[in-house]
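S.K.: Assemble the whole structure, with the sequences as input and the hints as a guide.
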Amino acid sequence: MNPWQLNPFQIVLLLLIAGLLAGGVLALLKGWLRRRDAILWLLVWTAGAIAVVRPDVTSVIADLLGIGRGADLVFYCAIPILSFGIWMLYIRLRRVRREITLLVRQMAILEGELSARGDAGSRSQGPSPRGPSAP
Amino acid sequence: MPTDTDQGSEIARSTYVVVPAFNEGAAIGDVLAELVRVYPNVVVVDDGSTDGTFDAARAVTPYVLRHALNRGQGAALQTGVDFALRREAKYVVTFDADGQHRVEDIRALLEPLAGGACDVTLGSRFLGVKSQMPRSRRLLLRMAVLFTRITSRLPITDAHNGLRAFTRAAAERLDISMDRMEHASEVLDIIRRCRLRFREVPVQIRYTDYSLGKGQSARDALRVLLHYLIGRAVR
Numbered sequence: 001m002n003p004w005q006l007n008p009f010q011i012v013l014l015l016l017i018a019g020l021l022a023g024g025v026l027a028l029l030k031g032w033l034r035r036r037d038a039i040l041w042l043l044v045w046t047a048g049a050i051a052v053v054r055p056d057v058t059s060v061i062a063d064l065l066g067i068g069r070g071a072d073l074v075f076y077c078a079i080p081i082l083s084f085g086i087w088m089l090y091i092r093l094r095r096v097r098r099e100i101t102l103l104v105r106q107m108a109i110l111e112g113e114l115s116a117r118g119d120a121g122s123r124s125q126g127p128s129p130r131g132p133s134a135p
Numbered sequence: 001m002p003t004d005t006d007q008g009s010e011i012a013r014s015t016y017v018v019v020p021a022f023n024e025g026a027a028i029g030d031v032l033a034e035l036v037r038v039y040p041n042v043v044v045v046d047d048g049s050t051d052g053t054f055d056a057a058r059a060v061t062p063y064v065l066r067h068a069l070n071r072g073q074g075a076a077l078q079t080g081v082d083f084a085l086r087r088e089a090k091y092v093v094t095f096d097a098d099g100q101h102r103v104e105d106i107r108a109l110l111e112p113l114a115g116g117a118c119d120v121t122l123g124s125r126f127l128g129v130k131s132q133m134p135r136s137r138r139l140l141l142r143m144a145v146l147f148t149r150i151t152s153r154l155p156i157t158d159a160h161n162g163l164r165a166f167t168r169a170a171a172e173r174l175d176i177s178m179d180r181m182e183h184a185s186e187v188l189d190i191i192r193r194c195r196l197r198f199r200e201v202p203v204q205i206r207y208t209d210y211s212l213g214k215g216q217s218a219r220d221a222l223r224v225l226l227h228y229l230i231g232r233a234v235r
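In order, the protein sequence lines correspond to chains A and P.
Mapped onto the working numbering, the consecutive letters of the first sequence carry residue numbers 1 to 135.
Mapped onto the working numbering, the consecutive letters of the second sequence carry residue numbers 1 to 235.
What the hints contain is simulated information worked out from the structure, not anything from laboratory work.
Note that the coordinates shown come from a computational prediction; the quantities given were computed from them, not determined experimentally.
Warning: the hint list may mix true and false statements.
As the list claims (entries may be wrong) - Not everything, but these chain A residues come out facing chain P in the computed CB check (under 10 angstroms): (1) D37; (2) Y90; (3) I91; (4) R98; (5) G112; (6) S115.
Claimed, not checked - Pairs of lysine to any residue residues, derived as SDA-like cross-links and limited to a Cα-Cα distance of at most 25 angstroms, are as follows: (7) K90(P) with L89(A); (8) K90(P) with I11(P); (9) K30(A) with R117(A); (10) K90(P) with L110(A); (11) K30(A) with V52(A); (12) K90(P) with L102(A); (13) K90(P) with A12(P); (14) K90(P) with R195(P); (15) K90(P) with M107(A); (16) K90(P) with E111(A).
Claimed, not checked - Just the calculated beta-carbon pair ranges, DEER-fashion: (17) R98(A) with T208(P): 45 to 53 angstroms; (18) R195(P) with V25(A): 49 to 57 angstroms; (19) R35(A) with G116(P): 54 to 62 angstroms; (20) S177(P) with L26(A): 55 to 63 angstroms; (21) G85(A) with T151(P): 28 to 36 angstroms; (22) E99(A) with R37(P): 34 to 42 angstroms.
Just so you know, even glycine gets a beta-carbon here, dropped at the ideal spot from N, CA and C.
M.R.: Shown next, in the form of structure tokens:
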């Protein structure tokens, strides 16, 4: 089979992957990602490109592993990888939430300190407006 | 006169009562008014309320902290404790804003701390006089207690009771990272991890329609459980 006789579906996918690869290279050069992560992504996208151009390659590997079709192999690999990605996102989300809490706490304490101090100076004014009141 | 000795009022003056509040505008004014009569240092943490909670609290106590965003009861408690520690608190009490706790129970919580018998006291509604409690709530709480005994490995008789008291040294060990309701189990984990001496003290809960409406349902309990387990797994 001539590997360059691509159907429209393959061309669209390849363009997509080319974009992702370019992004990965850029990330590697500009240091947006850690080196290890960037290389991992480049490998993943390259493997994807190979699987698109030569779907029979996945079939060979699937055969070796005793899985019927190459498409099934891709499917089985995708599930744990995606699950892991979601888990990592969740961990990151938790960290961001934690940081927001620490920030909110710091603001609350500072504002409370200021307004309590202002209060000590002018206690008789009753409920003061929001925020620190001038002494 | 709620405190009959000079020593008692001395303790009350050096005690900071932390009250986390989220949309409690309807009840918090009365709850705080009752509190400040005995404990002048009441710290309210308004956890991003959208009702009149802040103004209602500000009318009663000068120490009202405001979370710019709602972060949950655990986060609010830690904010209040941090603030109390910055203000020379000798004892820190946590107290719910919905009126379910009785001010007179605080004294029983503080006495063992003042006497040096322990570092932390936890209110328990299952010790001593029984609080009037709906049956479904009792069942749910019993299950929560059982679960908490297993995970905390502490022989406690109540779980998720918001009425607690800490010495300053114990409060300094608090570092609640579970922002929402699961903090109640986390506090027990901290007690065990830091080997704080604790004691349970019988308290009564006033179950009113208001406080019941504010309470947790069985579905909430499951959510809390899940968050707690994940929180422990990925600290």
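S.K.: Give a verdict on every hint.
M.R.: So, going through the hints one by one against the coordinates:
Hint on D37(A) is violated. Least Cβ distance to chain P is approximately 20 angstroms, over the 10 angstroms limit. Of the supplied interface hints, the one on Y90(A) holds, with its beta-carbon coming within about 8 angstroms of a beta-carbon of chain P, less than 10 angstroms. With a cut of 10 angstroms, the hint placing I91(A) at the interface with chain P holds, because the nearest CB-to-CB distance is about 6 angstroms. Residue-level restraint check for R98(A) holds (minimum Cβ-Cβ distance to chain P is 7 angstroms; threshold 10 angstroms).
Interface hint at G112(A): satisfied, since its Cβ lies 4 angstroms from the closest Cβ of chain P, which is below the 10 angstroms cut-off. Nearest Cβ of chain P to the Cβ of S115(A): about 7 angstroms, under the 10 angstroms cut. The hint holds. A distance of roughly 42 angstroms separates the Cα atoms of K90(P) and L89(A); the hinted pair therefore is violated under the 25 angstroms criterion. Restraint check for K90(P) and I11(P): the C-alpha separation of about 8 angstroms stays at or below 25 angstroms, so the hint holds.
Distance check on the hinted pair: K30(A) and R117(A) sit about 49 angstroms apart at the alpha-carbon level, beyond 25 angstroms; violated. Straight-line distance between C-alpha atoms of K90(P) and L110(A) comes to about 21 angstroms, which keeps the hinted pair within the 25 angstroms bound. Between K30(A) and V52(A) the alpha-carbon distance is near 28 angstroms, which puts this suggested pair outside the 25 angstroms criterion. In summary, the hint linking K90(P) to L102(A) is supported, as the alpha carbons are separated by about 24 angstroms, within the 25 angstroms threshold.
A distance of roughly 10 angstroms separates the Cα atoms of K90(P) and A12(P); the hinted pair therefore holds under the 25 angstroms criterion. In summary, the hint linking K90(P) to R195(P) is supported, as the alpha carbons are separated by about 19 angstroms, within the 25 angstroms threshold. A distance of roughly 24 angstroms separates the Cα atoms of K90(P) and M107(A); the hinted pair therefore holds under the 25 angstroms criterion. The straight-line distance between the Cα atoms of K90(P) and E111(A) is roughly 23 angstroms, inside the 25 angstroms bound, and the hint therefore holds.
Restraint check, R98(A) to T208(P): a C-beta distance of roughly 34 angstroms breaks the suggested window 45 to 53 angstroms. Taking 49 to 57 angstroms as the suggested C-beta distance range, the pair R195(P) and V25(A) conforms, at roughly 54 angstroms. Judged by the Cβ atoms, the range 54 to 62 angstroms given for R35(A) and G116(P) holds: they are separated by roughly 56 angstroms. Judged by the Cβ atoms, the range 55 to 63 angstroms given for S177(P) and L26(A) is violated: they are separated by roughly 36 angstroms.
Between G85(A) and T151(P), the C-beta spacing of about 30 angstroms keeps the proposed range 28 to 36 angstroms intact. For the pair E99(A) and R37(P), the supplied restraint of 34 to 42 angstroms holds, since their beta-carbon distance comes to about 39 angstroms.
Going through the hint list in order, the structure does not satisfy hints 1, 7, 9, 11, 17, 20.
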